[in-house]
Every structure is written in structure tokens, then in C-alpha cells.
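Peer 1: The residues making up each chain are set out below.
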Amino acid sequence: MSERVGGIVASFAGRLGAFTIDVAFEIPRRGITALFGPSGCGKTTILRCIAGLQRLEGRLQVDGEVWQDSARGIFLPPHKRPIGYVFQEASLFPHLSVRENLLYGARRSGTRSDGGRGFDDVVELLRLDALLERSPGTLSGGQRSRVAIGRALLSRPRLLLMDEPLTGLDLRAKEEILPYLAMLHREFSIPIVYVSHEIAEVAQLADHMLVVSDGKLVASGPTAATLERLDLGSVVDRFEAGVVLTCRVVEQLSAFRATRLDHRGQNLVVPEIQVPIGTEIRLRVRAREVSIATRRPEGISIRNALEGTVSEIVEEPDTAYAEVLVDVGGAKLRARLTRLAVHDLGLKPGQSVFALIKSVTLDGTPAQALATGVSGN
Amino acid sequence: MVESIWSPVRLTLELAFVTTLLLLVVGTPIAWWLSRSRAPWKEAVASVVALPLVLPPTVLGFYLLILLGPNGPGGWIAGGFGLPSLAFTFPGLVIGSMVYSLPFMVQPLRNAFDAVGERPLEVAATLRASPWDAFWSVAVPLARPGFLSGIILTFAHTVGEFGVVLMIGGNIPGETKVLSVALFDYVETLQWREAHIIAGGMVVFSFAVILAMSLIERRMSRARG
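If you're matching them up, the sequences are chains A and B in order. According to our numbering, the first sequence is numbered sequentially starting from 8. According to our numbering, the second sequence is numbered sequentially starting from 2.
No lab work stands behind these hints: they were computed from the structure. Since we're looking at a predicted model, the values are computed, not measured. Take the hints with a grain of salt, since some may be wrong.
As the list claims (entries may be wrong) - Ranges of calculated distance between the beta carbons of each label pair, as one might list FRET restraints: (1) A:P283 x B:R219: 54 to 64 angstroms; (2) A:P186 x B:L54: 52 to 62 angstroms; (3) A:P101 x B:L54: 29 to 39 angstroms.
By construction, the Cβ of each residue, glycine as well, lies at the ideal position given by its N, Cα and C atoms.
Produce the entire structure from the sequences given, and follow the hints as far as they go.
Peer 2: As C-alpha cells, then:
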């Protein structure tokens with residue numbers, strides 16, 4: 008960041024009908040950044056502004072290049088921006104075959120032979136070879152998404168923008184696509200901006216997140232740290248609120264179809280995840296699945312009790328609930344308790360407690376307990 | 002006898018072909034503009050384009066005659082270049098037919114462009130296609146049913162016109178005497194056999210056009226899945 012400003016530096020402001028957008032943010036040049044917020048908060052508009060599909064007043068600089076500067080009358084039209092854009096509905100060209108769809112952007116961005124990703128690589132990576140001669144109308148939702156992602160990649164983008172590419176897909180199709188998205192981040196060293204209103208998707212995929220609400224930026228930072236914040240309750244659906252724990256696989260308990268994980272010196276046991284020992288995985292733990300005990304519980308079916316200290320308690324006025332933030336070896340865990348429980352247990356910041364994680368939370372599909380490949384990056 | 006029928010047939014087909022071709026060139030940008038522009042007065046333009054649908058052809062022909070005749074602005078400009086006026090000539094007939102058939106080309110094209118929507122062109126833009134490139138590689142292929150409808154309707158409509166032709170073209174054999182005018186002539190002179198050939202032929206032709214159109218539309222929608 009010293010000699011050359013990397014990543015994206017942006018600010019957009021303007022009105023769209025009755026809706027006002029006013030944001031300024033930075034996006035790092037590596038990894039996946041989630042643009043997160045409830046439906047209708049303006050996150051898609053922000054993505055369209057980065058692509059140049061929507062024109063608001065503002066400034067946009069990508070890797071030191073100015074793409075928009077309203078003050079100086081600069082606006083690079085979308086077809087001159089080296090981006091890849093994956094739209095919410097795959098939006099394949101219905102009059103072209105899958106192969107022609109993939110080549111549409113590739114031809115127009117010029118082929119490059121200096122080690123850039125070629126057609127065959129992308130086809131292999133996204134397993135598109137069997138689909139090449141088919142018409143988009145005959146593909147399933149998940150297949151369409153894969154083609155759209157491949158098409159965007161083949162236009163040799165320096166920045167990949169994705170607008171809820173999983174929306175409208177059923178659970179199976181989602182699980183089909185998720186591993187590919189996680190892989191993109193490893194295989195292609197291009198930054199990705201990913202719009203989503205699903206906290207689970209964000210927790211699994213994103214390294215950084217920008218939280219948008221009502222056309223304003225309300226928070227930004229690394230995903231884990233941002234998810235720990237208790238003050239974003241109005242943006243993050245309380246029911247879904249939770250944190251991400253990064254763990255390492257230490258033992259496969261094959262006889263019990265379970266996997267033992269290490270989280271900063273403490274153990275967790277989850278239903279079997281079939282990855283090699285030593286793999287880092289991300290687990291999402293919802294606040295509503297965490298209980299608190301003041302002593303180590305015995306004779307209880309819950310296997311996962313992490314020792315920690317209470318760092319913050321936020322009571323929700325006019326409701327029965329409170330959220331308690333527990334520091335577990337430096338990582339934070341959120342627990343959603345009743346205010347009565349907080350009162351009866353006499354919970355106070357600084358107090359030592361055990362956070363009980365109902366194992367059902369960790370009953371993750373492979374996608375939910377996705378290998379992030381942090382080490383191989 | 003039969004040769005005298007062939008001359009109007011050839012002339013009619015020639016007129017319909019030239020008119021359709023020129024309207025394709027003129028109508029496409031108009032339809033595109035009507036589909037994409039956000040100008041508040043675009044519906045006024047759309048109404049002007051649609052006027053020939055409701056105006057009696059003779060009214061249209063009358064104004065065109067005034068406009069193109071030796072004493073009108075058209076004739077005056079032509080005279081300035083040392084050319085004869087366009088009234089009662091084949092080029093004059095083409096201009097008249099183009100005005101008369103304009104909505105039959107523009108309307109289907111505009112509907113087709115509307116149906117294409119903004120999204121495919123945005124996708125094309127994010128894949129480095131310039132607006133011109135995207136128009137040809139995405140908008141035109143996706144609007145193909147509209148182009149087919151426009152071409153067929155314009156051609157058929159031009160073949161069947163009468164009022165405008167009579168007003169601006171008159172009845173000059175080999176120059177402006179097209180089928181509909183010839184039919185009128187034969188009836189007036191009680192040549193029923195020739196009249197039957199032309200009238201019957203027109204019925205068959207019109208039927209074939211409408212059948213072809215519905216078949217094309219069905220095939221297109223099936224191909225699209």
C-alpha cells in the first residue's frame with residue numbers, strides 16, 4: 008500500500024428514486040470481499056457502480072488506475088473495465104451454445120499465452136467439458152452458474168464481481184457451486200467482490216466484509232472480526248447471527264464417524280469431515296446454538312465445551328434475550344441467552360465460563376465445513 | 002392478356018422488395034431508439050410512426066403527393082438538382098410505400114428489442130463488447146423473431162396497398178401500375194378473368210404469408226426452449 012495504492016478505493020453517492028446511496032470504502036487486492044446486507048440495502052447498486060453499469064457521482068480507483076472521477080469528468084465505460092461480472096441469474100446468451108458463451112468474452116479480451124488461464128483450464132476446473140455443445144436452455148441452475156462463472160473468468164478479469172450467484176439455486180445446486188467459489192480464490196489470484204445477503208455464505212467464503220444497510224456502510228473489516236460485533240444486530244438477522252471459528256483437523260475418529268478439531272489448544276468434535284489431518288477449516292457457530300455454563304458441565308450429551316471469559320454482554324431491550332460475547336483463546340464466540348439466564352447466573356464481563364456448542368450446529372455439510380486452503384494460498 | 006398481368010406482378014414484387022429492404026435500414030434504428038430512449042417525447046414519436054395504421058391511405062397519399070409533387074418542397078428540391086419530381090414515378094412509389102408500411106416494420110422490431118431487455122447487453126458490456134458490437138452480436142440475434150415478423154408484414158402490406166399508390170403513383174403501366182391498381186382497372190373494364198386471377202392470387206399469397214409467420218414463430222419459440 009506504500010508505493011502504489013493496491014485494491015479498490017471507492018466512494019459513490021447519489022439518489023435512485025427514493026433511495027439514497029452514500030458510501031466510501033476500500034477493498035484489499037487479495038481474497039474474497041463480501042458486500043453484505045439485507046435485501047434492498049443497495050449492495051447490488053454498489054457492485055454495478057464498480058462495474059460501470061450504474062453511474063452515480065463518485066470516485067473509483069482500482070490498482071492505482073482511475074476508473075471514475077466525477078470531479079474530473081472521468082468515467083470508463085463498462086466494456087473498457089477489465090472486470091468479470093457474474094449476474095444473479097446466470098444470464099447466459101440463449102442464442103449461443105455453452106462454448107460460444109464461454110468464448111464471447113475470451114475473444115474480445117484477446118488471448119494471452121503467457122501463463123494466463125486458457126479455455127481448456129477453465130473448462131477443466133469447472134467441469135464444463137460435457138456441456139460445451141449444449142444450449143443454455145437445457146442446463147440446470149447449477150450448471151448455468153458454473154458456465155457464467157467460467158465465462159466471466161475467460162474474459163481475463165483483474166477483478167471479479169459476483170452478484171449473489173447462488174440465489175435462486177436449490178440446496179443441492181448451492182453445494183455444487185460453493186466448492187468452486189472457494190477454489191477460485193485459491194486458483195486465480197484475482198480479488199473477488201461478492202454480494203450476498205446470506206450470512207452463512209459470507210462466513211464460509213469471505214475474507215473481508217463490508218456491511219451495508221440502507222445505502223450506508225455500517226461496518227467493514229476481516230470477516231471473523233466483523234461477525235463478532237454485537238452492534239450489527241439490526242443488519243444481521245438475529246436468528247442467523249454467529250461467528251466463524253478457524254480450526255485444524257487433528258484426528259479422525261472413524262469408529263464414531265466423527266472428526267476431532269483443534270481450536271487454539273482446545274478440542275472440538277464434529278460429525279466426520281473427510282479432509283486430511285492438518286487441514287484448516289472454518290466452522291460457523293450460530294449464537295442461538297451456544298449456551299453458557301459457569302462450571303464445566305458433567306453428564307451432558309453436548310461434547311463441545313470451550314473455556315473462555317465473558318468479554319461483553321448486550322441486553323436487547325424489550326425482548327427476553329441478551330447476547331454474550333465470550334473470548335475463547337483470542338477468538339470470539341457469540342451466545343444468545345435469555346436475560347433471565349444472564350441475571351440468574353450473574354454473568355459479568357471478565358468472568359470465566361464454558362461455552363457449550365450444541366453439536367447439531369456443527370453437523371455441517373461438506374460445504375458448510377469448507378476447506379479454505381489458507382495454507383496453500 | 003396474361004403478359005399484361007405479369008407486368009404488375011413483377012412491379013409489385015419489386016416495389017415490396019425495395020420497400021422492405023429500405024425500411025429495414027430505416028426502421029431498425031428508429032425501433033432501437035424507441036426501445037432504449039428515456040426521452041419524455043419518445044411516445045409522441047412512436048405515435049407519428051404509428052399514424053399510417055389509422056389514417057386512410059388516401060389521406061397519406063394526398064399529403065405525399067403535395068410534398069413530392071412539382072409544386073411541393075420535394076419537387077422544388079428535385080428541381081434544384083435538375084431532376085423531375087417524384088410524383089407518378091417508381092421512386093415516388095417507394096417513398097410512399099415506406100411511409101405507409103413504416104409501423105409494420107418498427108412495431109415488431111420495437112417489441113422484440115423491448116423483450117430482449119437491458120440485461121443481455123449489460124452482460125455483453127462486462128465481457129468487453131462495445132455497444133455497437135453488443136448490438137450486432139446480442140441484440141440483433143435475440144430480436145430475430147421481430148426482424149422476421151417485420152420483414153414479412155412489411156412485404157405483405159406493401160403488396161396489398163392501394164390508396165397510397167393510386168394517389169402518388171397513378172396508373173402508369175410498367176412504372177407504377179401495381180397489382181391492386183391493375184385489379185381495380187380490370188374490374189372497371191369488366192375483365193373478370195384477369196380480375197379473378199389477381200384477386201385469387203392475392204388471397205392465396207396472403208394466406209401463405211400468415212401461415213408462414215405462425216410456423217416461423219412456433220419454430221422459434223421451440224428452438225429457444
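Peer 1: Take the hints in turn and mark each one as holding or not.
Peer 2: Here's how the hints hold up against the structure:
no.	hint	in the structure
1	A:P283 x B:R219: 54 to 64 angstroms	holds, 56 angstroms
2	A:P186 x B:L54: 52 to 62 angstroms	holds, 57 angstroms
3	A:P101 x B:L54: 29 to 39 angstroms	holds, 31 angstroms
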